[in-house]
Amino acid sequence: MSVKIIIEKGRSEKNYWRDLWLFRELFYILSWRDIKVRYKQTVLGAAWSIVRPLLTTLIFTVIFNRVAKLPAPAGVPYALLVLSGMLPWQFFSSAVSEASNSLIGNTNLISKVYFPRLIIPVSSIMTSLVDFAITFLILLAMMVYYQFIPDIKIFLLPIFIVLSFLASLGIGLFITALNVKFRDFRYIIPFVVQIGMYISPIGWSSSRVPEKWKLLYSLNPIVGVIDGFRWCIIGKEELYLPGLLMSVAVTAAFLYLGIWYFRKTEKSFADNI
Amino acid sequence: MPPIIKVENLSKSFIISHEGKERYTSLRDVVAQQAKQLLSFGKSKNVATTQEEFWALKDVSFEIQKGDRVGIIGRNGAGKSTLLKVLSRITDPSNGRIEINGRVASLLEVGTGFHPELSGRENIFLNGAILGMSRAEIKSKFDEIVAFAEVEQFLDTPVKRYSSGMYVRLAFAVAAHLEPEILIVDEVLAVGDAQFQKKCLGKMQDVSKNEGRTVLFVSHNMGVISQLCNKGILLTNGEVRKISTTDDVINQYLSDGKAESSFHHEASKINSSIYFNTVSIKDTEGNRRNNFSVNEDFLIEVILRVRDWNRNLLIGLTVQSRNGDYLTTVINPYENFLQDGDLLKCFFLIKGNVLTPNPYFFRLAAFSDNEHFDIQEMICPISITDTGTSMAKYEGINYGYFNLNYEILKK
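These protein sequence lines are chains A and B, in that order.
Residue numbers for the first sequence follow this note's numbering, beginning at 1 and rising by one.
Residue numbers for the second sequence follow this note's numbering, beginning at 1 and rising by one.
Calculated directly from the structure, the hints in this document are not laboratory data.
This structure is a prediction, so every number in the text was calculated from the model and none was measured.
C-beta: ideal position from N, C-alpha, C; glycine also.
Incorrect hints may have been included.
Cβ-Cβ distance ranges computed for the label pairs, FRET-style [said to hold, decoys possible]:
#, chain 1, residue 1, chain 2, residue 2, range
1, B, Ile15, A, Leu58, 51 to 57 Å
2, B, Asn370, A, Tyr28, 55 to 61 Å
3, B, Glu8, A, Gly196, 47 to 53 Å
4, A, Tyr146, B, Gln33, 56 to 62 Å
5, A, Tyr16, B, Asn323, 40 to 46 Å
6, A, Tyr145, B, Asp156, 36 to 42 Å
7, B, Val31, A, Pro210, 33 to 39 Å
Go ahead and model the full structure; you've got the sequences and the hints to work with.
So, in structure tokens, the structure goes:
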């Protein structure tokens, strides 16, 4: 097999996407490394992936349901409402933070070896996907506990999982590339994630947002995802379609921006990091 | 046959800033700068004064044929590492073009991507994948790698518990089993113990000589370069100074480095109370020279400035090979030399017919039993040339550095 490589200034490799495919094993192994290393030297280990969502769900249920007296749709335990929103939010927020820090966390690789850099942020999102799967099991367990039978629509859930993946990927790529040059984002991200937790409909249903603000509210790409999750899992409220489309559009825009900016700056990562 | 690597007019520049600030820019700086530029319309040139373009590589062109083992040498900052980084596609060139016909693996650091928490076994797979090996490839060579690294018992121990020697061995073992068409190696052999270094060199030699792979190799160790490589590229300040056989290039490097075969220190720059002021090599007539024939005597003239005589000052002179090995040392108390004010003048007369035809360097040390005042290594290069001894026909073969004083007995 003869490979011909041409290196020139600013030449975007024609076979970038093929290279990405050739390096898929590196992708697997980096994902595997991140997952494996995640809970090393912790006592509870992977149990952290269970404890965290459970505790947050408990706290949100107490605050929004017991203290703020927000109602859940008839026949739906409030905890289930919270967890079905927590599930995509947790994935989204941890994926964005992991991806944003992924490049500077792998400085030694970037400055010493060549491979399509896209592998790093994408593989870092995989760890969040594992946590997502665990939280999903908790959700199933909770359904059993409450003897709640989900709608048939639950089979549409993968669509929204993909949507949340793409949303976090787009934003994560954009920020991690910026982060290489401007370390400010290291501080911005936790802050934004914290705010996002309050302004996204996690502890409450987005049906409480006044009609005229709904479309604007859906500019937050995770709103469409959370609504979609609730629609699939609980299925009591109609899906607000314009809002979903808005979230999809914002996600697509971020994805485009993220990939474009990442590819544009990728070649100078080693010089700037 | 077309060259396996073709480099044309390659340049790489960096922007260096003179404020000595951190390597990364902060968003605030950029915003502030943009604002400044907006406010001061035309006269916004003041930004440029703090930054300067630095050319790490300038107009570098060369070709490498398949199966060549090329040593890249040059002083620190000559652009060697930058060249390797551009060739391995880690960083983008600023100008020029490179054509590579084959799979490249680069080894710019030992153990890139090793994760301290993972076991040796896991790190072999991780590191292998990072260097571009497929899982199947690693699996088939796994036992070989482990045997090479000599870490069998510790395979399932996290590498953070490894000794540094084990760590290096394991890391190098993975790299040594890479089988790309082109292997790019930065100065990685400098780590590890001598015995293991030898083993690695042997392995690399095997790979390149017997299997016809192309190797690009950077090292400061001329001995290693001359052993391993058949071609050399000398870089000076980012430019190609010479491309030729390894020996030619090494000789060029050595004579470039120390064109003046004397050594001089500005008095004002030194704080030490005792230091070497000038060292020069002269022939017996007193003329400065750095090339002598085998049978010629020559002088090493050393002048020390001594501001404090109340110490048991000793002067050591070592003859060094071009690889920096210490060949022999003589040590004398200062009373043996000529005192002249605050200067100590030492003349060493080196007899002919002792040193064999080779380049040599010197180390000078001023010290007492419990203190070092000044040590200068690899200074004042000279070369001894064969002018018709019985060994002349063996020129080019390394037969050692000294002529032995011996007799043959016939009974």
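- Task: Take the C-beta atom of A/Tyr16 and the C-beta atom of B/Asn323, compute their distance, and say whether it sits inside 40 to 46 Å.
- Result: 44 Å, holds
- Quick one: are B/Ile15 and A/Leu58 within 51 to 57 Å, going by C-beta? 53 Å, holds
- Message: The hint says 55 to 61 Å between B/Asn370 and A/Tyr28; measuring C-beta to C-beta, is that right?
- Response: Holds, at about 59 Å.
- Task: Using the Cβ atoms, figure out if A/Tyr145 sits within 36 to 42 Å of B/Asp156.
- Result: Between A/Tyr145 and B/Asp156, where Cβ atoms are some 40 Å apart, the hint holds.
- For the pair B/Val31 and A/Pro210, does the Cβ-Cβ distance stay inside 33 to 39 Å? 36 Å, holds
- Query: Does the Cβ-Cβ separation between A/Tyr146 and B/Gln33 fall within 56 to 62 Å?
  - Reply: 58 Å, holds
- How does the Cβ-Cβ distance of B/Glu8 and A/Gly196 compare with 47 to 53 Å: does it lie in that range? 50 Å, holds
When each numbered hint is compared with the structure, no violation occurs for any of them.
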